[in-house]
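Undergrad: One-letter residues, chain by chain:
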Amino acid sequence: MAKNQVKPPLLPKWQEMSFGNILAYAGGAKEYKTGDWRTQRPIVDKTKCIKCGMCWLLCPDAAVTQNEDGTYEANLFYCKGCGICARVCPKDAITMVEEEA
Amino acid sequence: MSRRVPLEGSFAAAEAAKMADVDVIAAYPITPQTHIIERMAEFINNGELQAAFIPVESEHSAMSACWGASGAGARTFTATASQGFFLMHEVLYFVSGMRLPVVMAVSNRAVGPPANIWGDYSDAMSASYTGWIQCFAANNQEIFDMTLAAFRIAEDKRVLLPFMVHMDGFTLSHVTEAVVLPEQEEVDAFMKPYVHPYVYDTDNPCSYGYVSSPALYAEGKKAQDIGLRESKAVIKEIWKEFGDKFGRYYSPIDSYKTDGAKTLLMVTGALSETAKVAVDKKRDEGESIGVLTLHLWRPFPFEELLEGVAGAENLIIFDRAPTLGGPTGPIIGEVKAALFGKRNDIKVAGILGGMCGRNLEVEEFEEVIDRGIEICRTGEQEMVETVGIRG
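Residue numbers (my numbering), protein chains in the order written: chain B, 1 to 101; chain D, 1 to 391.
Derived by calculation from the structure, the hints in this document are not laboratory data.
No residue lacks a Cβ here, since even glycine has one placed at the ideal position from N, Cα and C.
A few of these clues could be false.
Said to hold, decoys possible - Away from chain B, derived, C-beta distances all over 12 angstroms, residues of chain D:
| id | residue |
| --- | --- |
| 1 | E42 |
| 2 | Y210 |
| 3 | I375 |
What the hints assert, rightly or not - Residues on chain D that point at chain B, a partial pick, calculated with CB under 10 angstroms:
| id | residue |
| --- | --- |
| 4 | G97 |
| 5 | M98 |
| 6 | R99 |
| 7 | L160 |
| 8 | A189 |
| 9 | K192 |
| 10 | H196 |
| 11 | N204 |
| 12 | C206 |
| 13 | Y208 |
| 14 | L216 |
Work the whole structure out from these sequences, hints included.
TA: What follows is the structure, given as structure tokens:
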């Protein structure tokens with residue numbers, strides 16, 4: 001961590017809040033789990049996927065990653081379940097499935 | 001060696017910013033503030049000041065540019081008034097929340113409608129909860145002194161908060177008075193370098209203005225609030241240092257003939273000087289009365305208020321902005337709240353006046369005093385009482 005800032009705990013006391021709401025490192029959003037906002041998850045049928053990358057391109061959260069075989073799937077740590085990937089997939093290879101409680 | 005020169009209030013503010021050697025000015029013109037930034041542009045054009053002037057398309061952009069400049073480590077100055085002040089409102093919160101020491105002169109003006117250009121504190125009072133340090137100057141010398149000291153206070157590493165210096169539109173901004181200016185070397189010796197601990201730096205990127213959640217917001221705001229409250233000690237310390245160096249001392253609440261006074265009249269800004277003349281006349285007539293001039297509005301000087309009213313029986317608060325549908329005037333309401341539970345014995349009267357540049361002479365302040373004493377004696381007052389109002 002840059003500039004000797006002590007990284008605040010997950011639930012800081014007010015005395016532990018970072019000065020000026022500034023975190024002395026970049027990319028902090030990577031640590032922010034948005035996956036628990038999700039009510040539906042995208043399931044990719046790899047047999048239908050033509051590796052066009054539309055889901056990767058249009059995911060508003062950059063949560064879609066490419067597998068080694070060239071197909072795509074969502075990183076469920078970040079995926080909010082918006083369903084845009086399923087809507088834009090030209091082969092209907094992505095299905096939104098209800099998350100179970 | 002200092003020089004005594006005739007300066008209108010606007011030029012006194014500009015002169016202070018120039019002598020503080022500001023790096024960036026981002027501003028948009030609006031009456032009655034325009035002379036301040038025009039003068040800054042002249043200083044740059046004449047080669048008297050090495051600084052970047054960012055001419056922007058609105059006050060929202062002006063304060064946004066100040067935010068960026070201050071975050072990048074530049075000593076930053078701007079000025080505005082009234083409608084322009086309201087347009088930059090949203091950004092005011094970001095500048096204070098990110099602990100950036102922007103200094104702004106506000107040439108106070110009423111807010112429309114009715115459309116107007118004249119002075120009162122409607123703009124200043126709307127910013128009471130923005131997290132800025134705010135002080136009021138009562139004359140052009142105070143505008144110069146408070147603006148110069150504002151840079152030192154705002155940039156102090158124990159403070160790092162933005163600072164508004166309020167000056168009455170036209171009454172001060174466009175009126176020429178004698179102002180004592182120090183030599184540049186004296187100012188240079190008084191100033192210190194501005195260093196922000198998390199300056200914008202591509203080699204050391206930080207996360208600024210991250211997204212919060214209900215789990216963090218209250219703690220963040222409490223930390224900011226405590227930072228603002230604790231700045232009062234530094235304000236007093238640097239005003240004292242300023243006094244030792246330049247011979248003019250300021251305090252959060254200035255007392256005039258208050259020793260043993262039964263009644264105190266509290267006034268803010270330029271009209272406090274008219275009030276002092278009225279109080280002199282009343283004292284000649286045998287009235288036991290003095291004046292409290294409220295200089296520091298944020299952080300609110302709770303302890304200094306209690307010290308100021310110690311021994312007094314009556315307090316008449318004069319306010320210069322309406323709080324439509326609320327508790328009469330903003331200063332009246334806050335002073336009453338500050339006294340509640342601490343000095344329930346003191347009788348308080350609140351009177352509005354001087355709105356939108358309505359002229360107030362010594363005679364009107366005598367009226368304010370007479371009526372205020374009557375309210376304190378009878379305990380009966382209408383919620384909103386405005387001196388000199390027709391109807």
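Undergrad: Close enough to count: is the Cβ of H196(D) nearer than 10 angstroms to one in chain B?
TA: holds (9 angstroms)
Undergrad: The output says I375(D) does not contact chain B. Does that hold with a beta carbon cutoff of 12 angstroms?
TA: holds (41 angstroms)
Undergrad: Given G97(D) as an interface hint, is the shortest Cβ-Cβ distance to chain B below 10 angstroms?
TA: G97(D) check passes; min Cβ-Cβ to chain B is 6 angstroms, inside 10 angstroms.
Undergrad: Does the closest beta carbon of chain B sit nearer than 10 angstroms to the beta carbon of A189(D)?
TA: violated (29 angstroms)
Undergrad: A closest beta-carbon separation below 10 angstroms is what the hint needs, so does C206(D) meet it against chain B?
TA: holds (5 angstroms)
Undergrad: Per the stated criterion, does the least C-beta distance between Y210(D) and chain B lie above 12 angstroms, as a non-interface residue requires?
TA: Nearest chain B Cβ is 6 angstroms from Y210(D), so the label is violated.
Undergrad: Hint validation: R99(D) versus chain B, beta carbon distance must be below 10 angstroms. Holds or violated?
TA: Interface hint status for R99(D): holds (4 angstroms vs cutoff 10 angstroms).
Undergrad: A closest beta-carbon separation below 10 angstroms is what the hint needs, so does Y208(D) meet it against chain B?
TA: Hint on Y208(D): holds, closest Cβ of chain B at ~6 angstroms, below 10 angstroms.
Undergrad: Under the criterion of a CB-CB separation shorter than 10 angstroms, is M98(D) in contact with chain B as hinted?
TA: This hint holds: M98(D) lies near chain B, its Cβ roughly 5 angstroms from the closest one there, short of 10 angstroms.
Undergrad: Hint validation: L160(D) versus chain B, beta carbon distance must be below 10 angstroms. Holds or violated?
TA: holds (7 angstroms)
Undergrad: Decide, holds or violated, for the assertion that all CB atoms of chain B are farther than 12 angstroms from the CB of E42(D).
TA: holds (34 angstroms)
Undergrad: Is the hint on L216(D) kept, meaning its closest Cβ partner in chain B is under 10 angstroms away?
TA: Nearest chain B Cβ about 7 angstroms off; hint holds.
Consistency with the previously given hints fails for numbers 2, 8 and 9, ordered from lowest to highest.
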